[in-house]
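Residue numbers (the UniProt record's numbering), protein chains in the order written: chain S, 1 to 486; chain E, 1 to 486; chain P, 1 to 486; chain G, 1 to 486.
Read the hints as simulated data drawn from the structure, not as lab findings. Computed from a predicted structure; not experimentally measured. Don't take each hint at face value.
[Unchecked claim] Pairwise CB distance ranges, derived in the manner of DEER restraints:
#1 Glu366(G) / Gly337(P): 37 to 47 Å
#2 Glu474(S) / Ala37(G): 53 to 63 Å
#3 Glu79(S) / Ser166(E): 47 to 57 Å
[What the hints assert, rightly or not] Below, in silico cross-link-like pairs of lysine-lysine (DSS-like), each with a Cα-Cα straight-line distance of 25 Å or less:
#4 Lys457(P) / Lys236(E)
#5 Lys457(P) / Lys457(S)
#6 Lys236(S) / Lys152(E)
#7 Lys316(S) / Lys219(S)
#8 Lys457(P) / Lys457(G)
[Unchecked claim] Quick look at which bits of chain G chain P covers, simulated, 3 or more residues with Cβ under 8 Å:
#9 89-102
#10 131-141
#11 219-232
#12 307-318
#13 453-460
Here a beta-carbon is modelled for each residue, glycine too, at the ideal position from N, C-alpha and C.
As a plain string of letters, each chain reads:
There are 4 protein chains.
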Amino acid sequence: MYIYVDDLWVILHGKVYDLTYFLPEHPGGQKIILKYAGKDATSAFEPIHPIDIITRLLPAEVCMGSIDPAALKGATKEESEEDKLIRIAREKMPRLEEMYNSFDFESVAKRVMKPDAWAYYSSGADDEISMRENHNAFHRIWLRPRVMVDVKHVDMSTTMLGCPASFPLYITATALGKLGHPEGEKVLTRAAGKTGIIQMIPTLASCSFDEMVDARLDKQNQWLQLYVNEDRNITKHLVQHAEARGIKGLFITADAPQLGRREKDMRQKYANEAPDEITRSEMSMTRNEGAARAISTFIDPALNWSDIPWFQSITKMPILIKGVQCAEDAVLAAKYGCQGVVLSNHGGRQLDFAPSSIEILAEVMETLKREGLDKNFEVYIDGGIRRGSDIFKAIALGAKGVGIGRPALFAMSSYGDAGVERLISLFQNELEMCMRLMGTPTIKDIKPEMVDIRNIKDHFVANPTDYLAAGAYERMQPRGGIISKL
Amino acid sequence: MYIYVDDLWVILHGKVYDLTYFLPEHPGGQKIILKYAGKDATSAFEPIHPIDIITRLLPAEVCMGSIDPAALKGATKEESEEDKLIRIAREKMPRLEEMYNSFDFESVAKRVMKPDAWAYYSSGADDEISMRENHNAFHRIWLRPRVMVDVKHVDMSTTMLGCPASFPLYITATALGKLGHPEGEKVLTRAAGKTGIIQMIPTLASCSFDEMVDARLDKQNQWLQLYVNEDRNITKHLVQHAEARGIKGLFITADAPQLGRREKDMRQKYANEAPDEITRSEMSMTRNEGAARAISTFIDPALNWSDIPWFQSITKMPILIKGVQCAEDAVLAAKYGCQGVVLSNHGGRQLDFAPSSIEILAEVMETLKREGLDKNFEVYIDGGIRRGSDIFKAIALGAKGVGIGRPALFAMSSYGDAGVERLISLFQNELEMCMRLMGTPTIKDIKPEMVDIRNIKDHFVANPTDYLAAGAYERMQPRGGIISKL
Amino acid sequence: MYIYVDDLWVILHGKVYDLTYFLPEHPGGQKIILKYAGKDATSAFEPIHPIDIITRLLPAEVCMGSIDPAALKGATKEESEEDKLIRIAREKMPRLEEMYNSFDFESVAKRVMKPDAWAYYSSGADDEISMRENHNAFHRIWLRPRVMVDVKHVDMSTTMLGCPASFPLYITATALGKLGHPEGEKVLTRAAGKTGIIQMIPTLASCSFDEMVDARLDKQNQWLQLYVNEDRNITKHLVQHAEARGIKGLFITADAPQLGRREKDMRQKYANEAPDEITRSEMSMTRNEGAARAISTFIDPALNWSDIPWFQSITKMPILIKGVQCAEDAVLAAKYGCQGVVLSNHGGRQLDFAPSSIEILAEVMETLKREGLDKNFEVYIDGGIRRGSDIFKAIALGAKGVGIGRPALFAMSSYGDAGVERLISLFQNELEMCMRLMGTPTIKDIKPEMVDIRNIKDHFVANPTDYLAAGAYERMQPRGGIISKL
Amino acid sequence: MYIYVDDLWVILHGKVYDLTYFLPEHPGGQKIILKYAGKDATSAFEPIHPIDIITRLLPAEVCMGSIDPAALKGATKEESEEDKLIRIAREKMPRLEEMYNSFDFESVAKRVMKPDAWAYYSSGADDEISMRENHNAFHRIWLRPRVMVDVKHVDMSTTMLGCPASFPLYITATALGKLGHPEGEKVLTRAAGKTGIIQMIPTLASCSFDEMVDARLDKQNQWLQLYVNEDRNITKHLVQHAEARGIKGLFITADAPQLGRREKDMRQKYANEAPDEITRSEMSMTRNEGAARAISTFIDPALNWSDIPWFQSITKMPILIKGVQCAEDAVLAAKYGCQGVVLSNHGGRQLDFAPSSIEILAEVMETLKREGLDKNFEVYIDGGIRRGSDIFKAIALGAKGVGIGRPALFAMSSYGDAGVERLISLFQNELEMCMRLMGTPTIKDIKPEMVDIRNIKDHFVANPTDYLAAGAYERMQPRGGIISKL
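Extracted from the complex, chain S is given alone in its bound form:
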């Protein structure tokens, strides 16, 4: 199905842009732009794009001039039923002090976020097996605590890529922060600063890069996550600007040559746009169209190991590959002179049945050691970290640090700055407790033999249930159960 468009403009922040020629290039698909053709698209644009994205990426001539916002219709709108329910839910939110763990934030966020924001943050690829596996895999690792150790003083501080941190946690890069909070990723920057941890700035942030850098405290450290553009000049400019602004590490994302299928997100978008008769490009009937969309110029699917020397030529920042998912690629990263890798399956949002990072951490460390590549090479993981003990397990298996994504977004979306700070404190308290009870007063006391990884690689799929046998069986009930009928 072809759509012929000869004049397409939209209003953003009081300016009129002609997007006729940009339309087929839009990474988010043509449909959403067409929806706002000839209208003010600011409310849809803002949570998803940094304010400077158009001037950075499009030629100046697309801007056709200014328009008086007052002249736009629909300036005041009534509260929708959905907005009302969300407002009531927000008014009944538990007090922040009642949040005891990351799941509490997730549960509250589910209630108080807009459905499309929730769908975007919470969804994963296909059947969301990898997404859930990410935390589940930690449950296959058990601890081997040591007792009768002096643990009066527990010191959780560490360094990551030479940057000091209050404990080995960082906030990893996630896109579209303004979907969850009007101030977007700056909230994360401030909370990271207050709690002494590192933030990894995302390429696809809602805030501009400079806004996030400007929001940081003195001595606060930041890294940069990079989607490599097909136009290497854009990438070069971004990298060198980052280095100039004091970014301490460059994380090249390698696991997203095409953006994953996230069906919940697709359904939510479909629901929003149901009256629109245009076939969604993601689901178009012919293969070529689908591929065309996916291989946008924003994320170069041709990126490969031979590009590494070029990166090394344009920056002195440590270069790490983010999204490594097997030992072989960690070895390659080391051989290509990278300073490390992030083991990650992109929060289970890209390829379903990709293994969890904690599962492959052990094989990666063992292989690096066997090949003599484990010196001056740092391994990070992200995905599924929800408890202090998860951090402990990762450190024990050799990680230098761990990143959290969704938990920070959920805390931000529900309680803003204070929420993210509390979330980080909870992780810190849990890790301190864990280290004390494990008999490990410092990070370097944490050893591989303190975790039992016998089942780490096992994927237990239950036999199909024998419903006839189960249905015929009468379950036992504790005698006290009768009381419950009161």
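Using the hints provided, position chains E, P and G relative to the given structure of chain S.
Below, chains E, P and G alone, put in the same frame as chain S:
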């Protein structure tokens, strides 16, 4: 219990047939014929039999002449309550664009199909363990993605038995297509043609063989699934006619010397026929009767390896054995000069606890290789393929292609041609995504080491639940849960 | 707590018995006798005891004379609410032809049996883990079917201890048949006769031994299950009488030196007897009392291997030990000159966490073979057989035959003779189907390599559920699910 | 957040205490004291503290004098809604004879206990994985029964640290008994005495040490659990006083240098104190505050192996380390001259994912044996013992005895003395049954080869559920299921 019948005729398509002598031979049992004795049986006959079956299989003298349809009573009938519910469900069907995966089609089909059609398509043998295991087994296989590979261009095309295909999927043979759609298997033929994949024509189709061949496009390839008749002349005629009409492969079904027990289907039939007082032959009390029914002349239970040379003598088509379920039989097929095998447990419809094809694929390929029999020998699998990653896993383990059965039937039964086309496109998009994210731009880049099959042969049966302990335990709840009471 | 009783009589079948001295010896506990002190106990006595038990086991002088039944009060009684519900349920029972498997019978039985009878038949020891494991364990065994074998004729006949049988199934010994059917075990005798299988007569039948023998057909074979009495003369008389009446095998029960704790049964009894203020002896506070009850004179807890020669001296029947649960004891049985063993955990009614018989069958056969003891030594199993494929699996692993207990009781309790016959036919049809689809036309074609027992010894206990993570996760739903709201 | 307090007093048992300087030291946090500032705190104080704790631990001058209770307001209070519900539940409690196992007591306790008491007793660390794992792990161990053994007489008696016991069970130390019963731990003392088992006295009892010692019978044996105070003089006095009063063993707790996070308990406390605006110290935002609270002077987090000789110098009691969780620490305990260890994860209340004691028992015994340290060294376990077979399994793997905690508390909280006695009798009856059916007439007959521990170390975490596939599947139903609609 014996039934004495001395004069039994039925009306089909306006002709009267004397089935007195055919009665004991009917593969579907005597009961259904007796139900329509002396009546017009067209509506029951049509979804199950190709139009030419009587002239092909019975002597000409059984046709006693024509009858004027107008003379038949009950020509107009009111809409039944069941039909009305199905009609309403069909009217409320989601739009096709909302179908994002094969499960969506299955769910819609369950709502909009007639109960007996649903029961026939969806049921499996005994406790339906193998039927469900077929897809579950893929969940025991995890991926090992490679990153930093140039995957700008992904080429999924392949050949199977020398026939080109847009990607390594084919529609396998399934019986009684008109139960789900008035045009039956022709719908599948057309959709396969449009999407560039191969269709395997079933022996027990509702459409006639020639109808399915006539429906194909230029250059579209078809294979033939064969139930071997006790009367080898019938089989010989069928095979040679198929070859003459350009069929490219002969798949001899080996897993159905007796048709499986499918209890849901049995119950549905029983419900339909409840007033009938004749004991169902399937459930007859004495063993001999049951066996007599099962060993019909339509599928020869005596078929064995020594029959292979005869097949080789009557056709030049590649001959494959469909329904192989262990390495030993794959080896025998190769030694008998077959061109390949289909690993299959018949969709879990025959023998419960037969292993899934994906489980035995690894052992089959390893054994063939060890015996030097893997050259010029193609291995296919069917059963449980529901995602593009399932196709990837099968290819990685050595399959040349995979067949889908029920998903195509459900898509056909709910949305007809467009449904099947969309289903195939979804599989294709999912496989393309998977190949790109796995770092495998072509089919031949897909390697065994890219799948983790550590648990592929494990069948995890959970210990019986400790209901007393579980019942006494009070589950943890995320704090946000209180919000959910709003 | 001590109870002083100086004159205790009850009426049974119109006779008055003085049970004062027998009271402490009663295997069922004193309480139930005290409940009927001075009353007509026939209705409670009959379903549990063979009619001749008093004359066989107690001295003649306990009978004090006859009483005119008409003189007894309460001769007519109104239908209780419970009886009424059961009567209605029986009237709405599905037709027998709708019973397709053993679970159907169990489900119907649960609805139409008296609660105390259901509790007695269906309950198991402690948490009923072993009881359920018995069938579950078969699910850990998967089949390896062979195809392209001539299976036109399937012959399931076999011999067990030299007795011919239509297929390798027998009805094992279970107690108290009249709880389920007014004619008790005779129903099982007749159904076994009609279907050509063997019945094992229980020591604790509701019918007398001679009633069960008299009910058999010509050439029908029976075995005897034996609880060994502390008074060996009673045992000797029973054994020699059995041999004289043509019993073909003696199965000495070894797994019940004390009768198991079955809590559902205990609760049901408690509910029945709630007004009674006497502390239940089973649950008495001091250990000694409890032990005293358990170690009744009816089942000698001192029975041990050194008793075997004595049994060999009093009978020429083959002697088998029933209730063997490990390879070591099977070896001992062979070394002591027994003709075989029954691997059994007593239907999971004795010791919870005793392994299923199918699990230990493999280790037993392997050990016997290694020690050269597998000739002229037959191994049977019972427990958890619910499908024809279960029989196949047992035969493949070396069993000579398998016994069913509860399924026969449930079929008997719901549909009487016809129910048991149909149940056996279903097992036979399922086994025939299984043998045909496995490519094994006769029993001796069934081989160990046809079953995959990789996980047979694994007991998979799921990690405790992570309720916070599970509760925060929003489940995926197929799109068709919306239709279900119609 | 800082609170400035310059004059803080509370009333306890009619006396006024100035706690101004003690406030920051209070192990239970400052908040609870502040809540009762200037009020009578007796009702909150009593269930948690032994009556002598203030005089033992605080200087005499904090007591400011007496006050007339009648002068206190609120002497009579109406029954709250919650109290009323609990009273009704207690009135409807099942009779004690209906309690058949430890789960029954737990279920009743859940209904009849005050929510805060239930929350304190029943909660575990973090996700309560270890807490539940403790009993679940026993389900991974299966039995290998021996038959044909003379088990007429079963003797369960044993000795532990030289103390005779009726069977190898003891009541382990648990805190705050008066939360569950007004007489607190004395109930446990009396029940242990009556049933001939040993009680381990807790440091943090609600009753004073001497009350518990005074409550014991002649020849009844008691042990002492010890939290080591930072002030070793307090510890020395406690230990020497215990020895003087005839305590037979000293169990130094090593697994609690910081008290665990128990979220249910935290939520319950929060609910109780919701109006209070003071941030809970446990959840305070800065790490230092949290640590300060945790590292109270009551439990010295600096305790380590080098302290052992000092303990050996102040007492002749056997010294055991309680809370050992791996083989290495058991070896260290032996090398430091301890008389044994208790393998324990503190009932899953300290560190989540700490392994169950039964899991590590096998590795501990094997290592001790290999190092020649298993003589004169006794190994105990606690955690998750709920059935007699659990005791059997522990003994088989080498434990000298097992401790129960929560089951005794639940029995005490629901039925007082009689409840605890019955609970212990149930354990004893179950163990006797188990020993008889295992063919082990005495404790020393119980051997390691009688348990199958193949899966003891496996932690099976199920793959994430495939909800789409599960949702599309239509479950099989037994035919009898239709009856259930009656």
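Would the hint linking Lys457(P) and Lys457(S) be met if the CA-CA limit is 25 Å?
20 Å, holds
Given as covered by chain P, does the stretch 131-141 of chain G meet the bar of three residues or more with CB within less than 8 Å?
holds (count 8)
Taken at face value, is the distance from the CA of Lys219(S) to the CA of Lys316(S) at most 25 Å?
19 Å, holds
Holds or violated: Lys457(P) and Lys457(G), Cα atoms, limit 25 Å.
14 Å, holds
Establish whether the coverage given for the stretch 89-102 of chain G by chain P is satisfied; the threshold is a Cβ-Cβ distance below 8 Å, and no fewer than three residues must meet it.
Our answer is that it holds, as 4 residues pass the Cβ test (under 8 Å) against chain P, meeting three.
Tell me if chain P covers the stretch 307-318 of chain G under the three-residue, 8 Å CB rule, please?
violated (count 0)
For the stretch 219-232 of chain G, does the count of residues with a C-beta closer than 8 Å to a C-beta of chain P reach 3?
violated (count 0)
Regarding Glu474(S) and Ala37(G), is the given constraint of 53 to 63 Å on their beta-carbon distance met?
55 Å, holds
A range of 37 to 47 Å was offered for this pair. Does it hold for the Cβ distance of Glu366(G) and Gly337(P)?
At 38 Å between Cβs, range holds.
Between Lys236(S) and Lys152(E), is the straight-line Cα distance small enough, at 25 Å or below?
Satisfied, since the Cα-Cα distance of roughly 21 Å is no more than 25 Å.
Using the C-beta atoms of Glu79(S) and Ser166(E), is the stated range 47 to 57 Å upheld?
50 Å, holds
Taking a Cβ-to-Cβ distance below 8 Å as contact, does the stretch 453-460 of chain G have at least three residues touching chain P?
Since 5 is at least three, the answer is holds.
Checked against the numbered hints listed earlier, the structure breaks hints 4, 11, 12; every other hint is satisfied.
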